[in-house]
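A.B. asks: Line order of the protein sequences matches chains A and P.
Sequence positions in the first sequence follow the working numbering and run 574 to 920.
Sequence positions in the second sequence follow the working numbering and run 346 to 573.
Since the hints were derived computationally from the structure, they do not count as laboratory data.
Hints should not be assumed to be uniformly reliable.
Taking lysine to aspartate or glutamate and the EDC-like style, the derived pairs with C-alpha atoms no more than 20 Å apart in a straight line are [what the hints assert, rightly or not]:
#	chain 1	residue 1	chain 2	residue 2
1	A	LYS891	P	ASP451
2	A	LYS896	P	ASP566
3	A	LYS896	A	GLU744
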Amino acid sequence: MAAPGAARTAKAADGLYARWRDVEVALVASGLAPAAVQVLQVLVVLGLSPLVSGFGSRVEARLQGRRGPRLAQPYYDLAKLFRKQTLVPEGASWAFAAGPVVAFSCYLVVPLLIPVLTSYPLPLGYMGDILGGGFLLALASFCVSVAAAETGDPYAQLGSSRAMTFGALIEPSILFVAFTVSLVTATDLPYAEAAAARHSAAQALRPAHLLAALAFFLVVLNDTGRIPVESQGSTVEFGMIEEARTFEHSGPLLALLRWGAAMKQMILYVILLDVFAAPWGLAGSGRPVPVLAAVGALVAKALALSAVFAVVDNSFSKLRLLKLTEFMAAAFVLAFLAVVSLFLGAG
Amino acid sequence: MASGAAALSASPSALASSTELVSLLVVLTELAMLRALLARTQVRLYCLQSAGLAALAATAAATQHVGELWALVGLTVALKVLAVPWLLSRTLLHTDSSAGAHRRLDPAATLPAVVACALAGLLLARHLPLRPASFPPFALGLATVVVLVAFLIAIVHSDMVSQAVAFFSLENGVSMLGLAVADRLPLLVEVGLAFDLLVAVVALAVVMRVHHRRTRTLSADLLARLRG
Numbered sequence: 574m575a576a577p578g579a580a581r582t583a584k585a586a587d588g589l590y591a592r593w594r595d596v597e598v599a600l601v602a603s604g605l606a607p608a609a610v611q612v613l614q615v616l617v618v619l620g621l622s623p624l625v626s627g628f629g630s631r632v633e634a635r636l637q638g639r640r641g642p643r644l645a646q647p648y649y650d651l652a653k654l655f656r657k658q659t660l661v662p663e664g665a666s667w668a669f670a671a672g673p674v675v676a677f678s679c680y681l682v683v684p685l686l687i688p689v690l691t692s693y694p695l696p697l698g699y700m701g702d703i704l705g706g707g708f709l710l711a712l713a714s715f716c717v718s719v720a721a722a723e724t725g726d727p728y729a730q731l732g733s734s735r736a737m738t739f740g741a742l743i744e745p746s747i748l749f750v751a752f753t754v755s756l757v758t759a760t761d762l763p764y765a766e767a768a769a770a771r772h773s774a775a776q777a778l779r780p781a782h783l784l785a786a787l788a789f790f791l792v793v794l795n796d797t798g799r800i801p802v803e804s805q806g807s808t809v810e811f812g813m814i815e816e817a818r819t820f821e822h823s824g825p826l827l828a829l830l831r832w833g834a835a836m837k838q839m840i841l842y843v844i845l846l847d848v849f850a851a852p853w854g855l856a857g858s859g860r861p862v863p864v865l866a867a868v869g870a871l872v873a874k875a876l877a878l879s880a881v882f883a884v885v886d887n888s889f890s891k892l893r894l895l896k897l898t899e900f901m902a903a904a905f906v907l908a909f910l911a912v913v914s915l916f917l918g919a920g
Numbered sequence: 346m347a348s349g350a351a352a353l354s355a356s357p358s359a360l361a362s363s364t365e366l367v368s369l370l371v372v373l374t375e376l377a378m379l380r381a382l383l384a385r386t387q388v389r390l391y392c393l394q395s396a397g398l399a400a401l402a403a404t405a406a407a408t409q410h411v412g413e414l415w416a417l418v419g420l421t422v423a424l425k426v427l428a429v430p431w432l433l434s435r436t437l438l439h440t441d442s443s444a445g446a447h448r449r450l451d452p453a454a455t456l457p458a459v460v461a462c463a464l465a466g467l468l469l470a471r472h473l474p475l476r477p478a479s480f481p482p483f484a485l486g487l488a489t490v491v492v493l494v495a496f497l498i499a500i501v502h503s504d505m506v507s508q509a510v511a512f513f514s515l516e517n518g519v520s521m522l523g524l525a526v527a528d529r530l531p532l533l534v535e536v537g538l539a540f541d542l543l544v545a546v547v548a549l550a551v552v553m554r555v556h557h558r559r560t561r562t563l564s565a566d567l568l569a570r571l572r573g
């Protein structure tokens, strides 16, 4: 016989889904179809990610006293790379070309699962939970690493080896953040966590939510190649991880890798902003005006966060590669405290 | 596991929420002290932690309308935010020893110890027969975590300034507990603790100076030679 608490949980979750289904039905009648909004979510992440990346580079350059690249420079770079020829290293198999394509496809799927523009889940939002999104990002990283290892280039193999090793080390922190979301909302849908944070200021400021947000902030810092050991775009081999993996790719495949990296950064920003830190400014209906306002709000929030990351990146000295575990331990402790506080302290 | 609806309905009050937040800040500074390599950074973090403690006392003073608590706020700011950090900074300046602290445990070993401290602190506070009216139970648990992590800092860091900071931050944790469990006579408790702190500051400052004069280092590892 099921416990009464579990029955209540299932009932509450069913009620939540039923309400969201009602909202969806109403939306079809009143504005943009949910499927159209969902496609727009993907297009927004696809189209705006190079802009956010370019803005971050610009702010970083200004902080270092340089003029910096144009905001649209990533778009020009991608256009140039797409026009170039692809060179395949001798002996590389089909995985060399398939890796960037599969990774890019993964980055296109994740925006279907997370609250990019709307405060309510869209039809395919039920396709995967917060762990599903994490698995897709991990699959993308795995494919890029396999493609890099295929080349036989020592730098590319070094980068893929480091990425896989450190990816495994940061996993526990991500898992504990997911556990926190599950404990707070009784679901593992990112929409539910954002709804809980929007419900009241007390919910947004409760210790478990703040600790999980802080842990995820550290995870994003690490996963976007900011700190602790590498600089974005750095080619110094002591701390090089992401840049090393793309050493042997060229032309359209390199463009897909660069664009994919920008999309991954944007996806992580969206999760941090729209699930944990600032889940406000999302559209509550499918009407064109709120949806467009949500696009504007997302751009403003993502650019602001990009500037924050650039400031953090420039304010702290880089660590030696082996010190990375300390940084990850800090993220893990915060995520662990978030879970423990919910179990033991009603935090 | 609480259901989503139950979790939403159980939102804490603004006062409890702010108390929990400041307590969380105090714990985070304690964890940062454990991770910090430079003694100077630890002193700054202690200063921030003490400011958090003063904010906790100010919150309690404003809500409980107890005049004595404002005296406690003043005492905390004067002693722990200003005087002790200044004295420790001067000691560091005087000894010219702001170099990195030596760690007895590597991060891999420290992590399970922190996890154990957090679990033990929150479990202990949960089972204590204390139900303070003005202090949320979670903040009580966090105060216990501060005390336990302070012990860990003293174990992990082997230089004397870090160990002094650990002792002072332990006193901050005890003050937090005092604020929680003795809400009717916090000033009396705090004056007692502050007297202990003053004695400890004077004694530790003297020990640090004498040790540095003799050995030209602030590492406490050399004190092991006194054994036997």
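A.B. asks: Is the straight-line distance between the alpha-carbon of LYS891(A) and that of ASP451(P) 20 Å or less?
C.D. replies: Measuring from Cα to Cα gives roughly 19 Å; hence the hint holds.
A.B. asks: Straight-line Cα separation of LYS896(A) and GLU744(A) no greater than 20 Å?
C.D. replies: Measuring from Cα to Cα gives roughly 17 Å; hence the hint holds.
A.B. asks: Within a Cα-Cα threshold of 20 Å, do LYS896(A) and ASP566(P) meet the stated pairing?
C.D. replies: violated (24 Å)
The structure does not agree with numbered hint 2 stated previously, though it agrees with all others.
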